[in-house]
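Visitor: Listed below, chain by chain, are the residues.
There are 2 protein chains.
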Amino acid sequence: MPSANASRRSQEKPREIMDAAEDYAKERYGVSSMIQSQEKPDRVLVRISDLTVQKAGEVVWVRARVHTSRAKGKQCFLVLRQQQFNVQALVAVGDHASKQMVKFAANINKESIVDVEGVVRKVNQKIGSCTQQDVELHVQKIYVISSAEPRLPLQLDDAVRPEVEGEEEGRATVNQDTRLDNRVIDLRTSTSQAIFRLQSGICHLFRETLTNKGFVEIQTPKIISAASEGGANVFTVSYFKNNAYLAQSPQLYKQMCICADFEKVFCIGPVFRAEDSNTHRHLTEFVGLDIEMAFNYHYHEVVEEIADTLVQIFKGLQKSTPNEKLLGRLVKEKYDTDFYILDKYPLAVRPFYTMPDPRNPKQSNSYDMFMRGEEILSGAQRIHDPQLLTERALHHGIDLEKIKAYIDSFRFGAPPHAGGGIGLERVTMLFLGLHNVRQTSMFPRDPKRLTP
Amino acid sequence: MPSANASRRSQEKPREIMDAAEDYAKERYGVSSMIQSQEKPDRVLVRISDLTVQKAGEVVWVRARVHTSRAKGKQCFLVLRQQQFNVQALVAVGDHASKQMVKFAANINKESIVDVEGVVRKVNQKIGSCTQQDVELHVQKIYVISSAEPRLPLQLDDAVRPEVEGEEEGRATVNQDTRLDNRVIDLRTSTSQAIFRLQSGICHLFRETLTNKGFVEIQTPKIISAASEGGANVFTVSYFKNNAYLAQSPQLYKQMCICADFEKVFCIGPVFRAEDSNTHRHLTEFVGLDIEMAFNYHYHEVVEEIADTLVQIFKGLQKSTPNEKLLGRLVKEKYDTDFYILDKYPLAVRPFYTMPDPRNPKQSNSYDMFMRGEEILSGAQRIHDPQLLTERALHHGIDLEKIKAYIDSFRFGAPPHAGGGIGLERVTMLFLGLHNVRQTSMFPRDPKRLTP
Chain D
1 MPSANASRRS QEKPREIMDA AEDYAKERYG VSSMIQSQEK PDRVLVRISD
51 LTVQKAGEVV WVRARVHTSR AKGKQCFLVL RQQQFNVQAL VAVGDHASKQ
101 MVKFAANINK ESIVDVEGVV RKVNQKIGSC TQQDVELHVQ KIYVISSAEP
151 RLPLQLDDAV RPEVEGEEEG RATVNQDTRL DNRVIDLRTS TSQAIFRLQS
201 GICHLFRETL TNKGFVEIQT PKIISAASEG GANVFTVSYF KNNAYLAQSP
251 QLYKQMCICA DFEKVFCIGP VFRAEDSNTH RHLTEFVGLD IEMAFNYHYH
301 EVVEEIADTL VQIFKGLQKS TPNEKLLGRL VKEKYDTDFY ILDKYPLAVR
351 PFYTMPDPRN PKQSNSYDMF MRGEEILSGA QRIHDPQLLT ERALHHGIDL
401 EKIKAYIDSF RFGAPPHAGG GIGLERVTML FLGLHNVRQT SMFPRDPKRL
451 TP
Chain Y
453 MPSANASRRS QEKPREIMDA AEDYAKERYG VSSMIQSQEK PDRVLVRISD
503 LTVQKAGEVV WVRARVHTSR AKGKQCFLVL RQQQFNVQAL VAVGDHASKQ
553 MVKFAANINK ESIVDVEGVV RKVNQKIGSC TQQDVELHVQ KIYVISSAEP
603 RLPLQLDDAV RPEVEGEEEG RATVNQDTRL DNRVIDLRTS TSQAIFRLQS
653 GICHLFRETL TNKGFVEIQT PKIISAASEG GANVFTVSYF KNNAYLAQSP
703 QLYKQMCICA DFEKVFCIGP VFRAEDSNTH RHLTEFVGLD IEMAFNYHYH
753 EVVEEIADTL VQIFKGLQKS TPNEKLLGRL VKEKYDTDFY ILDKYPLAVR
803 PFYTMPDPRN PKQSNSYDMF MRGEEILSGA QRIHDPQLLT ERALHHGIDL
853 EKIKAYIDSF RFGAPPHAGG GIGLERVTML FLGLHNVRQT SMFPRDPKRL
903 TP
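Chains as they are written, first to last, in our numbering: chain D, 1 to 452; chain Y, 453 to 904.
Simulated from the structure, these hints should not be mistaken for laboratory data.
Mixed in with the good hints, there may be bad ones.
[Stated by the list, open to error] Derived DSSO-like pairs: lysine-lysine, alpha-carbon spacing no greater than 27 angstroms straight-line:
1. D:402 <-> Y:693
2. D:241 <-> Y:854
3. D:315 <-> Y:716
4. Y:665 <-> Y:771
With the rest of the complex left out, here is chain D (with noise of 0.2 angstroms):
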């Protein structure tokens, strides 16, 4: 690992010594050893976000990835960058930097990962393409810490445009498969970056609004004995010398939650959908926030609370929501998330658990709600009687064996209770207005991915 200390200059590698006996500043530059824990210096490493006007003046080090470079006569522009983040730094002939190691900057590949040592300067004239606008780094010494390859299989800056928009412009795009093949590259673009920690944020305000509501959070098992929820769209597993299948959904577990007291209970987790859908709004493993509660006597105590959740979790979003230019020209839309609700679904649409409306036989004690015109949940006052529970499970032809455990589950008492699940990817990506839910998976599933 380089640095000014002579102890540790037996493990720098300079790339290239042009002719060493001229090159004043072949200290300052070089290709680091892996860092294997060697050593522990105090030298404090400065956030790329924090290097503002106040900073003017200060020698800092900054490890970041380089985004571009630039060479230029004596000088080599490069644009540091640090995830949402990036600052211009010049490398110029002079006291601290020698023509070998101005080389040595501009032939660092792109997305390499190094070590700098600058003197914060302010700027004159904005640098409008960089977030850090106000000031530049005047490098002093530059080390690479992590080669990136030379071929890069996608550029940046290409994969944030939108494929039709640089179309029109006669501007380089990606197309899909190659930033998901290439997913790690494509996750470190600003529009990624935004997606990303906003889906992180969802999960965040809805178990933090649940929970203040009173809510346990519960973990539901993935292997189930029996394709519980219908046949068709059921992964299988080999168990042992047996069969077992990956569950469709949690939802007879929260309801057996219920059953068992919790009274009010969610969990997020993965879901799996054996559905050979190709489409832009399908995959075959997705991430399941799900909700279930025991009311007093109307299945609307539940639509309240969670219709106020999901207000809650936009409200907290657009506070928290990343700023609009980092997401690119991707989103064009503005937050406003019309959210509207609709009851009453017919009972022959909607699952064996949903409980009838008791007032018309082919209506159902059911509801969807929507964002932008997409139904975003789905839910239901479920059938909390085994008698009738067990009518409904034959009148779908359902193997009533497969579900024994669930039905017998309402058999010592069971309250009242409804509740809805939501796809995490599909509301990250209605709420941010994109087109293709592969975009809010960070490793995408469907019928023709599993890798990376």
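Fit chain Y to the given chain D structure using the hints.
Guide: What follows is chain Y alone, placed relative to chain D:
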């Protein structure tokens, strides 16, 4: 739904009317029709935990389970239970209750859910067997909302009693398989209620601490294309016309998120191990709490963050931990959690992606953390250099083609990083001094158990 409102009386179905002419209380008890959200009465239901001497003299409505009932001449004593709280209720022949009503109350099956209207009365002598020791409820109306079947597969009071202790005292206990076969009832015990509230607290504190430290929550795929961490203990999934596998940990994906510049990430999710081990501490599916973090110069930066996170969780739990009494005699030990860390394990016993020690090639930059003398977390600095990673994978006999996407993630600049993971059920078990991990999994999965 029964109430004093005449319009609703038609829905009441009194179980038994001995002599209607003589039963002056016949409107005051009965079995309700199924709550199907027929109406929205403005009745307020009071929580049992709120029934204290401050409410003495008030008439309240309570919804609760019948925990026990005991008839004695013209009186019937009920214990009404709501989660971990219970209160004594008295139905006595008098102005409000007829002898038929007392008989009706005495015949309600245990675990049935009832709506009770009663007057809160201060008692002269503390009721030691209830959480609400200073008051009882003098019942004026009682309606069964949901009936339990007469024969319970296990008694809650027996399920709380540890097997060894019960045997010594010559009292009934319930063996673990019976408890797990009837998990919905077993989960209603005060012990189970406390265990899973505490577990929910562990997840909450884990996320809260890490979010405050700047970590981002990620979601990693559970269906993967290759048995990337060793083939022996992996479950196979039929994936359309091919095979896929269930992830044995989020390890490779959380590292890929580090390569994608998320810097500090955590995730909570199921992990799957096809290990045919039938012991007190093995499950085939459990919940992993995982951390991964880029560091500057030394992996001890990460060790400190993880250790601090665990300490914050233990401290937080000691504040939020439910009353020891609620956990019953299962927990004999105090919550003192002697916590220590061992560092520098032999390279040979750690996974292929573990960074070797820079000075001793037989050691590695890896660590385990211990509580009560048992390992709860295993972690290490990971190799971030694709060439060394390839060498180590080959050394372990791993098929490089199967981890191509993973190794490729390190080819375009990767920061040094380290992390670790803990098992939620195991930490809950050790923290509470319990002896079987099945007690801390709501619906445990092992080679022989896939239901409920």
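Visitor: Hint by hint, say whether it matches the structure.
Guide: Consistency of the hints with the structure:
Between the alpha carbons of residue 402 of chain D and residue 693 of chain Y the distance comes to roughly 25 angstroms, so the proposed pair stays at or under 27 angstroms and holds. Restraint check for residue 241 of chain D and residue 854 of chain Y: the C-alpha separation of about 25 angstroms stays at or below 27 angstroms, so the hint holds. The straight-line distance between the Cα atoms of residue 315 of chain D and residue 716 of chain Y is roughly 26 angstroms, inside the 27 angstroms bound, and the hint therefore holds. Pair hint residue 665 of chain Y plus residue 771 of chain Y holds up; C-alpha atoms about 21 angstroms apart against a cutoff of 27 angstroms.
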